[in-house]
Structure formats: structure tokens, C-alpha cells
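Make the full structure from the sequences, and use the hints.
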Amino acid sequence: MVYVLKYKNQVNLIICIFVIMAAIELRKSLIERFNRIIKDDSKLMTLDGVFDSINLVESPSQVSEEHYKIIEERRKKHLSGETKGKSWDDVKSGIRKKYGF
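First residue of the sequence shown? That's 1 in full-length UniProt numbering, and the numbers climb one at a time after it.
Careful: at least some of the hints might be erroneous.
[What the hints assert, rightly or not] Calculated lysine-lysine pairs in the DSSO-like style (CA-CA distance at most 27 Å, straight line):
no.	residue 1	residue 2
1	K69	K86
2	K84	K69
3	K76	K92
[Said to hold, decoys possible] Label pairs and their in silico Cβ distance ranges:
no.	residue 1	residue 2	range
4	S42	I17	38 to 46 Å
5	I37	E73	40 to 48 Å
6	P60	I38	49 to 57 Å
7	E65	Y99	31 to 39 Å
8	Y99	D52	39 to 47 Å
9	S64	S93	28 to 36 Å
10	G100	D48	49 to 57 Å
11	L44	G100	52 to 60 Å
12	Y68	F18	18 to 26 Å
13	K98	E65	27 to 35 Å
In short, the hints are calculated from the structure, not lab data.
Predicted, not measured: the structure shown is a model, and the values here were computed from it.
Ideal Cβ placement from N, Cα and C applies to all residues, glycine included.
Here you go:
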């Protein structure tokens, strides 16, 4: 399966690649660990208990669709230059000044 995605900038593309690579590495690591665990009966029983305790049924997002829409609107305004953001250092500085930290 091939996905063709359009990215607004190089940073988004790099972040996406990083997330995909991290997921692939995690998957490989878990497969290796599971292969070791299933050879030990006591660990296998523990793993079975873990799987039983995990809700394997897909649950709805805790973030509502309305919140996703709000964030997308704000992102569009930011990317178009309609609104401006602040650096994390500016935000921290403002909080320190406002609350005396």
C-alpha cells in the first residue's frame, strides 16, 4: 500500500518519517521480546493476563471531533499568517512574569 501525502514544509515530513521509523523499531523490539517471553511458561501466563487487561476493542478518541476542528482552524490561520505564535521561551517568560515564578 502506498500513501501519497502532501506536506506544508520539510519539518512535517521529517516528523512523519521519524514517527514511522520509531513505530517500526518498536514493532521489531516487541516481536523480539515476545519471542523470548513465549518460551517461558510463567512469563507467557503473565503476558496472557496483560492482554486480558488491555481493552483490545478500539475505543473512541477522548478528544472530540469539534476540538480537532478548532485546532485545524487555528493551524490554518497560523500557516496563512493571520495569527502569530510565540516561542516556548516567550511563553515561559510571560508565565514567570505574570505569576512571579
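Hint by hint, here is what the structure shows:
no.	hint	verdict
1	K69 <-> K86	holds, 21 Å
2	K84 <-> K69	holds, 19 Å
3	K76 <-> K92	holds, 24 Å
4	S42 <-> I17: 38 to 46 Å	holds, 40 Å
5	I37 <-> E73: 40 to 48 Å	holds, 46 Å
6	P60 <-> I38: 49 to 57 Å	violated, 32 Å
7	E65 <-> Y99: 31 to 39 Å	holds, 34 Å
8	Y99 <-> D52: 39 to 47 Å	holds, 46 Å
9	S64 <-> S93: 28 to 36 Å	holds, 32 Å
10	G100 <-> D48: 49 to 57 Å	holds, 53 Å
11	L44 <-> G100: 52 to 60 Å	holds, 55 Å
12	Y68 <-> F18: 18 to 26 Å	holds, 22 Å
13	K98 <-> E65: 27 to 35 Å	holds, 33 Å
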